[in-house]
Amino acid sequence: MQKYSKHIIGLLYVIAVLLFFGICYPNHISYQEQFQLFLFTPNYFWETLAIPGGLADYFGGFFTQVFLYSWGGAVVLALLLGAIQQATWLNIKPKGSYALSFLPSVILWVFFCNEAAMVATLVAFLFSLLAAWCIGLIQNMWIRRSVSFVLIPVLYLLLGPLVGLFVLIALVREYKEMYGVIVSGTMILLLVFCPLCAQYLFNYPLVRLFYGLHYSRFPEIVPTLVLVSVLAVAVALCWRTSKLKMNGMIGAVTAIIAISGISSSADFNKEELMGYDFMVRTRQWNRILLTANKKAPSAPLSVSALNLALAQKGFLADHMFDYYQNGGQGMFPNFVRDFWLPLTPAEAFYYLGMTYVAQQYTYEAMEAIPDFQKSVRCYKRLAETNLINGDYKVARKYLNQLQHTLLYSRWAEETLKLLGNEDAINNHPEYGRLRKMAYKDDFYVSDREMASMLGQLYMSNRDNQMAYDYLLGWTMLNGDMENFPSYFSIGNMQMKEIPSCYQQALVLSWALSHPSPEGMPWPISTNILNGFNGFVQAQRQNQPVDYMKAQYGQTYWYYYFYSKS
Amino acid sequence: MIQRIKYMVRFILTLLLCVLTFSCSNRPDHPVLVNGLPDIYPDYIDVSIPAGIAPLNFNAADNRVQRMDVIIKGSKGGELHANGKWADFDVNEWKKLTQMNQGGDLTVTVCMMVDGNWVQYEDFVIHVSTYLLDDFGLTYRRIPPGYEVGGNIGIYQRDLHSFEESPILQVSAVPGQCMNCHTANRANPSSFYMQLRGEHGGTLIQKDGKQTWLTTKTDSTKLNTSYGYWHPDGDYCAFSINSIHQSFFVGKDRRIEVYDTASDVLVLDTRTNELVLSPLLQTSDWESYPVFSADGKTLYYCTAKACNLPAEYEKVKYNLCSISFDASTGKYGEKVDTLIRVTDVDKSITYPRPSYDGRWLMYNVTDFGNFPVNHKEADLWLMDLQSGETRSLSEVNSEDAENYHSWSSDSHWFVFCSRRENGMYTQLYLASIDEQGKVSKPFLLPQRNPKKYYHELFDSYNCPDFTTVPVEFDARIAHDVVMSDKRVQVKIR
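Just so you know, the sequences run in chain order A and B.
Heads up: the first sequence runs through residues 1 to 565, numbered per the working numbering.
Heads up: the second sequence runs through residues 1 to 493, numbered per the working numbering.
One or more hints might be untrue.
Stated by the list, open to error - Straight-line distance between alpha carbons at most 30 Å, and here's what the computed DSSO-like set of lysine-lysine pairs gives:
#1 A:417 / A:380
#2 B:315 / A:440
#3 A:393 / B:452
#4 B:222 / B:210
What the hints assert, rightly or not - Partner residues are not named here, just some residues of chain B that face chain A (Cβ under 10 Å, in silico):
#5 171
#6 250
#7 252
#8 253
These are calculated hints, taken from the structure and not from any lab test.
Cβ coordinates follow ideal geometry from the N, Cα and C atoms, glycine included.
Construct the complete structure from the given sequences, taking the supplied hints into account.
Here it is as structure tokens:
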């Protein structure tokens, strides 16, 4: 048992990582996949390789493809982090502390709680450790040193500045040998020399060539935790000379670092938002409703996802105020120049039939990706919007690229067959429907004229129930009771019963402009009328907000008087 | 042993036979002759090219074509042969052939193999112009054709005599900044300016390798400079200052409308970094797109009556005007001439570009507005500056937008952007013009494998300009200065 204890601990560590990402943090995994377009083409390979750290980026991108499936991504991360631990151990054994071999990997695990972390970091870290270990196998000192000198610039080009890890291990190895100071100094000079030279070859600022182009999605952020993890390797190397082993204590400290680091770095609010966005992306409308029923969303993005799901299932008109609503932002969050936030509103625009607006939001999001990657999710949507709009040549460009992807090639091939085939597109359950929903007239997009935009969309095709529900929903969320009855009246009057939210809004709009319910032209149910009377009564009695929320929290009236900002 | 050698020889001979058989099938043997020209990409049929330009490699438009065999014969001698998946000519051999046939024709015989069968099409001709194109190449901006977000923008230069493209400045070197309007003086990059927008924005004036970064906004001019043009003597730059906005559409006809809500024209003295103003160019109307005439004595610009925007976007129409300018004193004339009136043409005239020989003025015509790239109907027009006659350049115009035209240093070639291929991504076309104003059929900027290149390119080209020699620019210095926000504040003279 003792013989296998290290393997068992290593395996348990991998399982812990797997379970964390698979169960607690799955949406951070799937989030990653959408911000790259990994192509199986020679061009893509060489273009990726042509930048310092390119090989790590290539492998990172390759692995990130499977992040579409959160468990797939969790397996990749678990294996990479496990491999890093094992590679660290290879470099410090037999004198090193096995417990300390976990520390760099644990710090990288914490690093990966941030959505900006890139898989290329792990690849570069692992390859650097493995390269250092392989070099260590060369017995002849001068051959080993010569190979190291050659490898430093090569590894800089392939893995980026994490070649520093390779140099660090080599320094520790060579320092005490003959001419150790000179050799170590040369290695350090070479390490500094690489980015200094690279600035003349590549169009990047020197500072970025020093801290890496592919370790963080945001070029302006220095990946501090990656540096800390390198330092952790240094500590593990130095510990070899210590007579103190203290494996138990180190293990405990590492575990504390892991738990405290992960709990302080993991952003579960963001995880929730990412979850909603992923469910919208994958059209899991029922799952969105189930998730919201467990815990009502409150951020604009998640509320807009919920409203979209309600609309897709036909529940918006009856149930939108069963959930927390945060104004018009909860239907169409304001456009911001961001690579992710516009994507959920873009989905709403798409399903509404505002394909050009969806295209704009999608394109803007893709071009805002900080490291200038293209987005496989955006390419897919842009191919769709261009196909719906009849811009087949542009759609073909996107589809041709998607043909070279792992997970979207079949879809791209199927969709390519539609291009130019008007009958096939018009009869397509989704594209044909969205084509019919399109605007008949052209005019400016304006956040401030959203009601008018939705109204015109509905008038372009009165079968577009979603546009109608969104028009009335938007009007209610903005508290525009003056216009609500007129917007309501443009709707299909064939409905058997007016949906309850609309009834509530109609009663309120009437009450705001009339002294009594006499003459109200709509068939309002007795329940709603009684409810409204009770609400008014409670208001007159100055009932506390908590009481009002408990009694009427799921009504439009409560939203209008208490929630609407 | 001998037996073994025999086997070896037999094996090698068999292998050779296989190779020969295979290679023979790659050559057209008694191809079926068909009436009609080959469907090639790009359309290089009947185009005129300058001798020495990069090879006009082309592909079959039809994806089913397995192989092409192309023979080019010069009317004055020489022959080239290409055989492969696409017509890929050797750069040096092509150069020799075109130089040998300057003023003559190249006859192109194309055979294509589909489903294992060879088909030969009617020959077509590529004309080699008598006009050389001595300029080194082009500079241009490549930008994803988005809306508000710039994306991965870069300014590049391209050697027109080969396929080499290299970056001058990419956004990765100056993160977060938007680059536009890199403009040299009459295609000579020893003087050029460039605008940077963003948190660390500024105007770069580079003269003889020295970079000066300016803040061109002053208390009285209110806005930074935008569209500009060099005075031929290299001391002055004319600029417009524009309050630029854009609106987006919900439907299919238009995507974006870019418009100004205020704009004026002024001149910057690059020796003293002073702005030279005139009340005639700073009116309540909107003045924009200033350019100097070839002799530097006239400043052309466009002007429109102010409208309520964005509501009245279709009413915005620009006249073409001019005012005299004396470079020795740095003073404007006292009257404005209107060369093309909106009331006469009911169109909007923008982006005037005089040829450097003083013969022509090329400009954009759109139904309205001042940003032709987003106008499907945008066409190029030409004014004969000797006779004042104007005409649409139907030889180069298409159903989609043409714009961003620029002249070669000898004024016999021009480059422009067009969206004709797919309505979204602009590409660069070149055409020649003779003394009578006859314009040749334009050709798409050559690429090694054009179909692959253009179909996989997700950038639009814009602001192209010829450059006589390669641009020397130190992106590292630019990065340091840009990020440090060290700027020279311009003053009003």
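Unmet hints by their number, sorted upward, for this structure: Hint check: nothing fails, all pass.
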